[in-house]
Amino acid sequence: GENVEQHPSTLSVQEGDSAVIKCTYSDSASNYFPWYKQELGKGPQLIIDIRSNVGEKKDQRIAVTLNKTAKHFSLHITETQPEDSAVYFCAASRAGGGADGLTFGKGTHLIIQP
Amino acid sequence: DAGITQSPRYKITETGRQVTLMCHQTWSHSYMFWYRQDLGHGLRLIYYSAAADITDKGEVPDGYVVSRSKTENFPLTLESATRSQTSVYFCASNQGIAYEQYFGPGTRLTVT
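Chains F and G, in that order, give the protein sequences. Using our numbering, read the first sequence as starting at 1 and increasing by one per residue. Using our numbering, read the second sequence as starting at 115 and increasing by one per residue.
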């Protein structure tokens, strides 16, 4: 089955700086890669996703890049703000939208220092 | 718009008891999922369903039973709870392959 590795497990950055979280996956048939943000006591919430026919996608301060050859994808958050503090999960799936279920990384605790 | 709800939000049960976690979505999404979240493991797929009366195993299905007689409901049953099933359980739903997966607020289950 699919295996998703996520690094780092904890990331502390100064407010206003950029944050980068990296994931690798093992199944070459995976073609859907979402990123979720989870705040304490809540369910994960999708912040951005990318499909295998696209190399990069951006939404305001958030961007995701995908390298299918190397089987890795990354989340980039620019101009970080206190409300970006949360746990971030990457995931992978063979089916679009994760219709056959998502395989998650173990998460990155992002801490924004004021 | 209620979205996706889970009940109960918190549950304490004893080893060997049967417990059912409920999940209800108001969007008529075809796909529904159960994940468990444990420290150090992230979220892991237990079972999923592509439509009413269609279910399939995920990564960690042992000890769990699901059913889906109605599109909007996807209950998860632990037939004989064990301490290793202490976890936070999340239900999710998805309209189809071109759409995102939405998560419920979670149920924190403690097995003593």
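Derived by calculation from the structure, the hints in this document are not laboratory data. This structure is a prediction, so every number in the text was calculated from the model and none was measured. Among these hints, one or two may not hold up.
[As the list claims (entries may be wrong)] Each pair of labels, with its calculated beta carbon distance range:
{"#": "1", "chain 1": "F", "residue 1": "Thr69", "chain 2": "G", "residue 2": "Glu173", "range": "43 to 49 angstroms"}
{"#": "2", "chain 1": "F", "residue 1": "Asp27", "chain 2": "G", "residue 2": "Arg131", "range": "16 to 22 angstroms"}
{"#": "3", "chain 1": "F", "residue 1": "Asp59", "chain 2": "G", "residue 2": "Val179", "range": "28 to 34 angstroms"}
{"#": "4", "chain 1": "F", "residue 1": "Arg61", "chain 2": "G", "residue 2": "Gly130", "range": "47 to 53 angstroms"}
{"#": "5", "chain 1": "G", "residue 1": "Leu153", "chain 2": "F", "residue 2": "Gly1", "range": "17 to 23 angstroms"}
{"#": "6", "chain 1": "F", "residue 1": "Ser9", "chain 2": "G", "residue 2": "Thr134", "range": "29 to 35 angstroms"}
{"#": "7", "chain 1": "G", "residue 1": "Thr224", "chain 2": "F", "residue 2": "Ser9", "range": "33 to 39 angstroms"}
{"#": "8", "chain 1": "F", "residue 1": "Leu40", "chain 2": "G", "residue 2": "Ile126", "range": "17 to 23 angstroms"}
The beta-carbon is built from N, C-alpha and C at its ideal position, and this holds for glycine as well.
Hint-by-hint comparison with the structure:
1. Taken as a hint, the range 43 to 49 angstroms is violated for the pair Thr69 (chain F) and Glu173 (chain G), whose Cβ atoms sit roughly 26 angstroms apart.
2. At roughly 37 angstroms, the beta-carbon separation of Asp27 (chain F) and Arg131 (chain G) lies outside the given 16 to 22 angstroms, and the hint is violated.
3. Between Asp59 (chain F) and Val179 (chain G) the beta carbons are some 39 angstroms apart, a value that contradicts the proposed interval 28 to 34 angstroms.
4. Checked against the hint of 47 to 53 angstroms, the C-beta distance between Arg61 (chain F) and Gly130 (chain G) comes to roughly 50 angstroms, which is consistent with it.
5. Between Leu153 (chain G) and Gly1 (chain F), the C-beta spacing of about 22 angstroms keeps the proposed range 17 to 23 angstroms intact.
6. Here the CB-CB span from Ser9 (chain F) to Thr134 (chain G) is close to 34 angstroms, well matched to the stated 29 to 35 angstroms.
7. Distance hint check: the CB atoms of Thr224 (chain G) and Ser9 (chain F) are about 25 angstroms apart, inconsistent with the given range 33 to 39 angstroms.
8. Restraint check, Leu40 (chain F) to Ile126 (chain G): a C-beta distance of roughly 20 angstroms satisfies the suggested window 17 to 23 angstroms.
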